[in-house]
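If you want the building blocks of each chain, they are given just below.
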Amino acid sequence: MAHAATVHPHPEHAPGQGQVGVYTQKLGMWIFLCSEVMFFTALIGSYIILRWGSVEVWPRPQSVLNIPLTAFNTFILICSSVSMVKAFAAITHGDQAGLKKWLVVTCFGGAFFVGVQAYEYWHLSHEGFVPGGFVEGSELFRRALEGHIAGATGGTIVPAAANLFGSTFYTMTGFHGFHVTCGVVCMIWVTIKAFRGGYTQTGYHGVEVVGLYWHFVDLVWIILFTIVYLF
Amino acid sequence: MNWWYPTLPPNASSFGGEIDSLFYIILYITGAVFFITEIALVWFLLKYRHREGRKAVYIEGNTTAEIVWTAIPALIVVALGLFSQPLWSRIKVDIPADAIPLRITGKQFEWHIKYPGPDGRLDTGDDFTRRGELHVVVNRTYSFALGSEDVIHSFFIPVFRLKQDALPGTSIPGWFRATETGQWEIACAELCGLGHYRMRGRVWVHTQEEFDQWQASQARPAAADTTATPPPPTRRRAP
Amino acid sequence: MSTAAAPVAATHHEHHEMSFVRKYIFSTDHKIIGIQFLFLSLFFLLVGGLLAMTIRWQLGFPGRPLPMGGLFPQTMAPNGMILPEFYNALVTMHGTFMVFFAIMPLLVGVFANYLIPLKIGAPDMAFPSLNMWSFWLMIPAGALMVAGFFVEGGASAAGWTGYAPLSADQEYTGVSTGQVLWCLSLIVFALSSLLGSLNYITTVINLRAPGMTWFRMPLSVWALFITAILGLLAIPILAGALIMLMFDQTIGTHFFLSASGGQPLLWQHLFWFFGHPEVYILILPAMGITSDVIANGSRKPIFGYHSMVYAIIGIAFLGWVVWGHHMFQSGMNPRLGTTFMISTMVIAVPSAVKVFNWLGTMWKGDLHLHTPMLNAVAFVAMFIIGGLSGIFMANTPVDIYIHDTYFIVAHLHYVLFGGSLFAIFAGIYFWFPKMFGKLMNETLGKVHFWLTFVFYNLVFFPMHLLGMGGHMRRIYDPNQYEFLQPLAPMNKFVSISAFLLGLSQLPFMVNFLWSLFKGKKADINPWRDNGLEWTVPSPPPHGNFAHTPTVYHGPYEFSHPQAAEDFLPQNQPLPAAPLQPGGARQETR
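Residue numbers (our numbering), protein chains in the order written: chain A, 1 to 231; chain B, 232 to 470; chain C, 471 to 1059.
Hints may contain errors.
[Said to hold, decoys possible] Straight-line distance between alpha carbons at most 35 Å, and here's what the computed DSBU-like set of lysine-lysine pairs gives: (1) B:K338 <-> C:K988; (2) A:K26 <-> A:K193; (3) C:K908 <-> B:K286; (4) C:K962 <-> C:K908.
[Stated by the list, open to error] Covered stretches of chain B, as calculated for chain C (at least 3 residues, CB under 8 Å): (5) 263-273; (6) 330-341; (7) 351-358; (8) 364-375; (9) 406-415; (10) 435-446.
Since the hints were derived computationally from the structure, they do not count as laboratory data.
Backbone N, C-alpha and C define an ideal beta-carbon position, used for all residues, glycine too.
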């Protein structure tokens, strides 16, 4: 007597009750991104508390970090989000060629970002700025001392705050970079699948879901760049 | 310490009695709730136990009941909170200004107590430090700045109902006034390493005379930080 | 009125002939994964329990060599005499194993995995492969944690709460690698937990069978769903904090090291911002299971179903704004203490509402005191005590005295053991027949229950008194303090009761293992319950339902006046209501 549809072992195709109108993989990605928001909140929140709750003097980021380079890097990452949008638009219109092209551009954008960040880390640590803070007598320590922010106490930089800048900078940007790297890996995987004709005008969920992740990672970077590099 | 009626240790400080009163008020309220609910539970277990032919009554709920047993507990607990707030403020926020200052520092695994000396001011030439020994005068108000040299400790004097975590890198204020003379123990109440269990100190509450005698025997600059010479025994209270 | 309950072999398998390894080891079937979690976490429950026995040995008989102490290495207990540093590792690892590797996986890993798809009428979780990873990540997590005992310096010894800077710099504890392993293990655990939460939330939102509206879901599913949301949002905070701590330990950062500018209080804020939602993760599923079992055992609808749902949601919401109550004495601005006190007081209210509703469920019921019901009722009775004791420590002035004493230990064990663990036992006794197709032995079940109940209270109730006496936590040798020496007989009493409590678990272990192989065959619905899981064979086939069920009403239609039986499965329509005067039928819900 039951006329309900026969069960299909693949849950994502099973009929359901009262969904939020979002297919399962996309819903899953949104939920995953909520947890990522909390993760970055812990790191960025700690930075904000440590820095602006400190009565001590913090180094001015501009005197230590390479703002022009990283600003350009930010631009590239944003461009890769744009290319991601174009890739998604392409496949929703059945444009296989467009999909492949823009996915490749996105991969390069992401890889470029990671590459520049790796270079940035190499350069910084070479010049005396490491997770533990500043190396005594190093070039960057000298520049940090010169370009300090006068705090509540005025006066010169306190090494403790310099230490904390190292701790927070590397942890936040490092984990962001790790997330971008994972994103690039997924992006390459999706690109390969696209080249094998794995996506169609009606079957593009993988592209959309990876795209969501990519935009999220971009958004986190915009926040990070603003708070850490520009303030 | 009785099995059948729990009691707190003797109280020897000015705000300790108020903390105890609060404790007992809460005990009576929670005790009443405990008896009512648990007796109801056991009563239901017995009265509604399955017997041949017994059928449950199909009841899905009662909105009035929900409102009542949400509102009444809410009123009780919020009232309790608001009622307790002034005492908390008095103990932790309002540090009396005219108190005798002490500097207490925890370090693995002992308490260092710096006394202001006869001039009553810290960071002057007549200061001296004792390890693990707190000597105070009865009915005099003391304030302290609590710190730590290494990890988090917690300065705990049970009979004063006094507890404050000691954080490295921060100085935390507190105060107390002892109301009974005697000798008691100081403990560390925050895990601080392998010697946490033996980070013990002692507090002596003296009369003014006894304290002056003791202080006079301490305030020789060369004698600071030497091994403790116990003062003459005062009237000893049971721990 | 026939249901889809006829045991029909599922014919839709595209998975065809799966190897033993794919079917039972690297399985993506939520039921197998739930059972894998069951075996793993029962093992860790045993480990945590043995650690507790060792702690109690030291506290009851300080200075006396452990029986079989010769087995311990010199660095831990030379000639069986527990060293203070080993004692600190014992208390740390007991808490860590119990919270992360026993209670959480038992409540969530087992019951969320096993029950959610079945109870909502779904063939499996939304992401079965991810689910498999969720389980298998627990293996390296567990291995890393256990490894701490075998490295130089021993296992983590900074408390399960890992306060910095004690935990951040090895010079303070003498523990180096062990402390790092603790962080790493929990980071891997966090990933496992996150993948699980992701699955449970997506599944409940998107995979409910037709007719399974939100307010027809069983309270166990509601509780597990809300718990998953808590976990999703809280565990990443822990992960972030652990990463910062691990960096302080290894690569020279200074987040929590005040000597170089860090803030020890930052660790506490991060840890407890995670930690308070965490304790609601540890209790909400237990409440959900209790609701299902009490309704079943009372043969009566849950009293106030809607209120129960709102209470779960209320507890979860409020759980985010009370974390400071773990930090009243920490040196945090005391003015914040007042706000946290008020919010903490308020969170007692939804819990109280739930207790009253459980009592209301039993009232005028037809109480069948089978083993699951006994355990569920014990949950209520013990949770009342645990919840009420919480009021003492919520009160900031009283907390000055009882913070970091055994009063707190009493409270946490009343809610975690008296609460969570009894509910876990209720759940295992209740769903064992469905999981394994065999019945557990009722007599042994009752013996286990009564022995556990009695000895459990003898262990933990006196701890309130110890705390009132000022007995601090994590103290290797209380006899060092004169004011604690009169409490030594009570410590001894607690320890002996604890050993007997440990032995009382033997009937459970025997019952569980024996019944797996030799238990009486369970039929499809031995508890005469309404959930959808009781409409499919024991154990259910891969894919669960031969035909997607249709749900007609809520899960607690027991003793419905028009029903033929005193239960009514959710996939059976409500009986037609009698005609009212005028010919209209009463509305069905």
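Starting from the hint list further up, note which numbers the structure goes against and sort them upward.
1, 4, 6, 7, 8, 9 and 10
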